[in-house]
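Novice: Residue numbers (my numbering), protein chains in the order written: chain A, 1 to 384; chain B, 1 to 297; chain C, 1 to 230; chain D, 1 to 248; chain E, 1 to 382.
Hints should not be assumed to be uniformly reliable.
To be verified - Below, a list of computed lysine to any residue pairs in the SDA-like style, where the Cα atoms sit at most 25 Å apart:
#1 93(A) - 34(E)
#2 189(A) - 324(A)
#3 8(E) - 122(D)
None of these hints come from the bench; they were simulated from the model.
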Amino acid sequence: AGEVEVGVLFSQTGGLSIVEKSLADATLMAIEEINAAGGVNGMTIKPLVEDGASDPKTFNEKASKLAIRDRVPTVFGCYTSASRKAVLPVFEKRNSMLFYPTYYEGFECSKNVVYTGAVPNQQLSNFIPWMMETLGKKKIFIVGSNYIYPREMAKVSKILIEQNGGEWVADEYLELGHSEWGAMVSKIKASGCDAVLSNVVGDSVISFYREFRNQGLSHDEIPICATVTSEIEIAAMGAEFAAGSYTSFPYFQAIDSPENKSFIERYRSFVGDPSAVTHHAMESSYFQVFLWKQAVEQAGEASPDAIRAAIGGQTFDAPNGKVTVDPENLHTHLTPRIAQWGEDGQGTIIDAYPEPVEPMPYVAYGETPENMFCTVAGLDSSKL
Amino acid sequence: MTETLFIGLSLSSILLLIALGLSITYGAMGVINMAHGELVMIGAYTGVLSGIYLNLNLLFALPLAFMVSALLGLALERLVIRRLYGRIIDTLLATWGVAIVLQQLIRLEFGLSFFGIHVDGLGPGLQSMDVPSFLTQPFEIAGVPIQTYRSFIILVTLLLTLLTWFLMYRTSMGVQVRAIMRNPQIAAACGIDVRRVSAFTFAYGSGLAGVAGVLLAGFKTVMPEMGASTVVDGFLVVVVGGVGSLLGTVLASAMLGQINGVFAILTNDILARAIVFGVVIAIILWRPRGLFSFRSR
Amino acid sequence: MLSLSNVDSFYGRSQALHDMTVAAPEGAILGILGRNGVGKTTLLRTILGLTDRSEGQITLGDKPIARLATHERARAGIAYVPQGRMIIPDFSIRENILMGGFAAGGTRRIPDIVPELFPYLIENLDRPGGVLSGGQQQQLAIARALACKPRVLLMDEPTEGIQPNIVAQIEDIIIRLNSEFGLTILLVEQNVHFVRRAAKAFAMIEHGTAVESGAIETLTDEMVNKHMAI
Amino acid sequence: MVAALTIDALEVDFSGFKAVDGMTTVINEGELRVVLGPNGAGKTTLMDLISGKTASTGGEVRLFGRDITNRPEHQIARAGVGRKFQIPSVFRDLTVHDNLRVAVSHEPRVFRNLRLGMAPADRARIDEVIALTGLEPVLDVIAGDLSHGQMQWLELGMLITQQARVILLDEPTAGMTQAETLKTADIILKLKGNHTLLVVEHDMAFVRKIAERVTVMHLGRLLAEGPMAKIEQDPAVRDAYLGSGGAH
Amino acid sequence: MTGNTLFKLGDWGIYALFIVTVLGLPLVMDDVFWLNRISKYLVYGMLGIAIALSWGYAGILNLGQGLFFGLGAYMVAMSLKLQSYTSTQQGSDMPVPDFMLWNAEPGAPTELCCIVQGSWLWLPFQSQWFGMAMAIVLPVLIALVLSSAIFRLRVSGVYVAIITLALVLLVRLLIIDAQPITNGFNGLTDLGWLTVAGIEFDPYMVSTYYVVAVSTCVVLLLTRWLVSTRAGLILQSTRDDPNRSRYLGYDVAAYQVFFFTVSAGIAGFAGMLYVIAAEFASPSFLDITFSISMVVWAAVGGRSSLIGAAIGAILINTIEATASETEMFQEAWKLIIGVIFVLVVLYMPRGLAGLAQDLLGRISSARGSGDKQAARSGAPAE
Ligand SMILES: Nc1ncnc2c1ncn2[C@@H]1O[C@H](COP(=O)(O)OP(=O)(O)OP(=O)(O)O)[C@@H](O)[C@H]1O
Ligand SMILES: Nc1ncnc2c1ncn2[C@@H]1O[C@H](COP(=O)(O)OP(=O)(O)OP(=O)(O)O)[C@@H](O)[C@H]1O
Ligand SMILES: [Mg+2]
Ligand SMILES: [Mg+2]
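Full structure from sequences and hints, please.
Specialist: Encoded structure:
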């Protein structure tokens with residue numbers, strides 16, 4: 001009996017809506033499934049959908065609408081770090097919870113956010129050693145979009161590359177959304193590298209891979225090993241441009257499990273598009289609703305404090321396998337995987353961690369499983 | 001070195017491709033068409049859709065996209081621009097609104113998504129255009145590998161520039177266009193059909209945007225926002241070159257493209273872009289009417 | 001030849017012609033007189049459809065033209081020498097003259113009378129129109145109108161700002177255009193002497209209305225004093 | 001006698017074409033000097049050079065002994081030169097009254113003008129000018145709506161309001177009826193004495209009414225200078241400018 | 001009563017109504033969310049005023065007003081960042097923004113002076129007042145230098161717009177690139193609250209609303225005064241015909257520089273208030289779309305009416321917010337906004353203010369005195 005309201009805050013319009021709409025859809029699908037199965041504690045979930053319009057200012061405004069006027073205790077939302085940063089003060093100062101589904105750069109620890117996407121160590125800790133050893137590539141050209149995520153990824157990668165006996169030959173950035181890759185690719189050509197580590201995000205990815213091929217480079221000799229290139233971009237660029245390159249993510253559409261197959265099918269029928277692709281942040285958007293539901297059920301109420309207390313340790317069998325919310329830092333244990341893209345636009349999973357990896361948002365700053373900086377109460381800066 | 005020059009040249013050709021249409025609609029007609037980028041986008045989508053539905057390859061999509069964008073430009077001129085001639089800032093504002101509308105329409109697949117109808121190739125997702133394989137294999141000139149597709153763009157841009165120059169300076173249509181730009185009343189009093197010529201000119205400039213869209217779609221993501229960022233660069237080129245001067249537009253794009261290319265190689269792309277903006281500001285301060293412009297008393 | 005009856009004309013919301021009725025007889029010069037700001041220029045602009053809006057009948061020959069677009073009126077044979085000349089500054093003299101040709105079926109030839117009337121222009125065909133002196137621009141404006149091959153010529157103070165010996169020439173030209181080429185001319189002119197000498201008919205404008213009109217012989221000094229003094 | 005305006009071997013070169021070519025003349029304080037010359041003789045250009053619109057390529061302009069050659073326009077204006085253009089130039093979006101208010105420019109600096117209203121003396125001055133030019137009925141009309149002739153009056157009124165010591169008038173009667181031309185002549189004659197005037201005009205009736213000393217330019221150079229009567233008889237002037245009739 | 005005085009009364013009436021409404025709003029509305037939202041829109045209104053001042057009165061279209069807004073915002077955000085709890089918890093004597101730590105090279109000193117390259121720039125921002133002063137001083141200084149160059153060199157019209165556009169793009173690029181000291185793309189978040197005499201200004205408190213509301217009213221009245229002065233009149237004359245103004249002895253550039261700079265100062269001030277109300281600063285403030293939006297707000301409200309532009313900004317944003325929060329329009333609201341822009345430009349070229357004026361003009365001329373001023377387009381509304 002009764003209803004529980006939650007916020008769903010993604011961009012429905014503007015440039016980022018391309019990805020964010022799929023996140024909103026996944027969230028709504030999860031809500032619908034939970035409702036169909038009887039809701040949370042017998043309550044129906046009522047989603048309040050708001051449009052962040054791809055603009056941090058709007059995200060901030062809509063977040064305060066949800067948290068302050070509609071008084072929803074939980075919001076599922078945000079894709080970019082910039083939008084998360086813009087809404088963070090609202091959630092922290094109004095004590096409301098944000099469930100954030102995207103892989104991100106780390107360096108954040110908020111008692112008001114549950115992070116269900118990968119942090120750098122969950123994408124890189126097997127990727128880099130694998131590149132060095134299995135692929136045998138030692139000279140790495142690091143390239144990314146010019147903002148914090150790629151820069152932090154680069155920082156973590158450099159540590160790992162050096163630990164594994166490789167070297168990085170360059171660390172270059174291009175404006176977000178920029179699509180002119182001529183100069184960069186010819187730098188890659190001239191650098192003498194034997195692999196590229198790409199932290200390029202968004203639509204720039206497509207022009208990158210296309211230019212890479214147009215300048216006569218091939219993934220056989222110099223593979224692009226990417227941390228962000230997902231099914232969406234592959235589908236958009238034309239599979240032949242990516243064929244042979246690699247990506248590291250906890251989730252791929254290609255994961256061969258009954259849960260995942262069923263998930264893809266349900267999603268496709270939910271959005272009414274038989275060729276819709278699924279991807280990491282979207283899958284997190286989906287399973288994080290279930291984690292939330294379990295927490296509410298365990299706590300018996302939906303208040304932010306109760307959720308925070310109950311969410312740690314929640315485990316769920318997500319399409320990508322078992323996920324667990326770390327009770328220490330409210331990030332999520334995920335299983336890193338590496339896929340090689342094929343001519344059909346699908347990845348083949350060629351390497352996976354045997355088990356979920358512990359999230360360490362401060363890994364570039366020396367965080368280790370023995371010495372965690374982030375706690376449920378927020379950052380413990382005395383440990384820094 | 002040759003490669004750097006080639007990169008600069010291809011950057012230039014893309015700038016010119018965008019700026020060419022603007023140099024007509026803005027330079028010759030005094031319309032700041034903020035929706036120009038959206039016409040580019042429509043051209044790109046025309047390419048994508050004609051690939052999906054008509055199985056046309058890029059070469060044949062070019063004239064089709066020209067037609068589609070030109071028709072759209074014609075409609076735009078009829079419905080909006082026509083009432084705004086001589087009010088340059090108002091054209092900027094109104095077409096800004098048009099740009100928002102066009103983007104959103106494509107995103108909503110012309111609003112059909114309201115009714116649950118889905119058009120393959122349109123919509124909010126990322127799209128791309130297939131490039132025939134003979135345009136993707138790099139070739140070599142004197143040991144330097146040259147990109148075929150970039151060369152193709154340079155060639156098409158060159159042809160379009162010549163065509164435009166011929167139309168504007170060697171045909172009576174061109175005289176009429178330029179006369180209208182300077183003084184529509186006296187042009188009309190001299191027997192020039194202002195409405196028809198304006199509509200034609202605007203449609204032509206818009207059509208050029210459509211062609212640019214297809215060519216860009218060959219190496220850029222096709223999505224509703226793809227044009228928005230190009231239009232600013234286009235304006236910078238037209239203004240730096242001198243409004244109304246085709247030669248200025250060509251030289252300005254050559255110069256800015258080379259500066260961008262050289263600095264991108266020497267330093268990085270971000271700094272290169274910053275330098276380009278700096279150069280633009282400096283040039284306008286130095287020659288407030290652009291590099292090539294006529295000064296009356 | 002050209003006649004207006006009961007024409008109202010507007011700039012935006014303000015009305016500049018009220019119930020204007022005038023007629024220019026075929027092959028004659030109609031002198032249009034009146035003080036500053038009474039609407040003489042507006043009258044000519046209305047004939048070409050260059051005001052914001054107008055109502056009433058305008059006929060050329062026996063063809064109603066009030067519904068036509070400006071360029072169609074021009075092609076029907078009305079040419080205009082505007083007050084303020086309106087030369088296109090960055091067009092060469094040649095291009096400025098040839099512009100008129102669009103009304104005459106798009107010919108690209110400078111009419112033969114131009115070299116005879118305005119040698120300066122022909123000697124400087126490639127200079128930009130914008131750098132010419134006021135008087136030179138006036139000549140250019142007339143040349144441009146002639147390139148339209150008009151049946152009716154509207155001239156708005158064509159001698160304003162012209163050096164005296166050329167004023168005399170232009171006056172001669174106007175008379176010749178009328179007598180030798182049979183042009184009907186609507187001539188706005190402040191110089192009553194000249195109007196008396198050249199025109200066959202006159203119209204005296206006051207507050208956007210033709211208050212007096214008729215054969216030139218009927219133009220009395222009283223009328224001039226009454227309507228053109230301050 | 002004090003020389004108000006001294007023009008000394010002034011020349012300007014428009015990429016090879018000398019529109020004013022070694023022009024020299026001296027205008028005394030309080031004098032009314034008429035400049036005649038064929039179309040294209042360089043009269044307007046001469047005014048452009050004096051008022052700073054065009055930079056000269058040689059020679060000098062002195063205002064009451066002070067060198068003002070090639071100074072910025074506003075400084076020349078502040079030094080005391082006022083100018084009326086051949087194509088009337090007024091503030092088309094402001095009312096006639098506001099046009100005159102702006103013309104009160106004895107205190108041109110920004111910060112001095114950060115105040116509401118005007119000094120009574122200035123207001124009185126504007127009223128005088130309104131009376132003189134007869135602009136009373138159109139005071140609240142937006143200047144862009146005036147007819148060509150009315151604009152000429154307004155511009156003249158603004159110059160008087162400005163209290164320039166030397167006034168340059170480029171064809172002030174263009175587009176006026178004879179009666180209006182005569183009235184303008186009256187206004188100009190009233191200004192003589194208080195102001196130094198340099199008038200360019202082609203209307204010989206008007207010129208005869210106002211002129212004392214006349215300068216004739218031809219091809220950018222001084223062709224003749226002297227009293228009106230003598231000039232009218234000068235064969236060179238008749239040849240280049242007046243023509244056989246000279247009058248009409 | 002003559003038509004003219006009626007007209008003036010109507011004009012002042014609108015000002016009075018606006019101010020009373022803005023200041024009295026908290027008495028009738030106790031929804032803190034809406035108060036906060038409206039305070040943000042009032043800030044946008046202030047931007048509208050700044051645009052109307054430079055565009056409507058000076059004829060200078062600034063397509064890069066976001067530069068001044070953004071710089072104002074960053075200045076305050078820097079000092080509020082140093083006041084935030086996290087900044088004081090980084091284990092050094094002086095507060096250090098958390099992101100600087102993440103961006104620092106391992107082993108770098110953790111002092112504000114030198115943790116990352118250029119971080120010493122932050123030192124003076126430990127004083128909140130310094131940040132607030134700089135929010136106005138920096139935009140004013142930049143505007144002064146920029147506009148002196150632009151206007152002394154007689155750049156005008158669209159060319160000014162292009163320069164400002166290029167500049168805002170340039171600065172945005174630099175801010176994003178200087179990530180170690182600016183936090184790049186993510187902007188400055190997690191800020192402390194403005195604190196005056198021990199009172200903290202929580203953005204969702206009425207007192208913060210009043211800070212913004214009173215500032216807006218003061219700015220409105222000040223600019224209104226400014227354009228009514230002789231300098232304002234002379235400014236309008238330079239817009240109409242700069243050459244004529246020059247020959248009257250006015251240094252046109254000086255007037256343009258002055259008002260351009262005032263407009264920039266207002267935008268900087270608005271940026272500062274925005275940060276206080278929204279608790280973050282981001283490079284998106286320097287996006288072109290935002291700068292163009294400001295111009296559109298002003299156009300909708302009436303480009304040559306200060307109060308019209310302010311109301312236009314508030315209105316458009318309210319419409320956007322409500323449309324995007326109405327379920328039916330959630331996907332299509334941008335379409336609606338786009339159509340509104342087009343229609344306004346086509347059919348209401350003088351915006352809301354023009355409409356109001358025509359109405360007042362008609363009433364007042366019905367009273368017997370034809371007031372041409374009111375019916376004429378292009379002339380400033382007030
Ligand atoms: N573009 C315009 N907009 C509004 N009103 C105008 C416009 N042009 C002229 N008017 C008004 O129309 C009336 C007639 O002007 P017009 O120019 O026809 O006079 P005119 O007889 O030619 O005078 P002049 O001898 O000075 O040239 C004037 O009162 C003028 O204010
Ligand atoms: N900016 C310029 N560039 C080139 N030539 C110019 C320029 N300005 C003026 N001229 C030329 O200088 C000559 C003198 O022009 P000016 O306007 O001074 O003549 P004017 O004596 O005023 O003639 P009018 O009596 O017809 O007004 C003309 O031949 C003109 O073409
Ligand atoms: Mg007239
Ligand atoms: Mg002259």
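Novice: Hints first: check each against the structure and report whether it holds.
Specialist: Going through the hints against the structure:
no.	hint	verdict
1	93(A) - 34(E)	holds (17 Å)
2	189(A) - 324(A)	violated (42 Å)
3	8(E) - 122(D)	holds (24 Å)
In summary, the structure is inconsistent with hint 2 from the numbered list given earlier, while agreeing with all the others.
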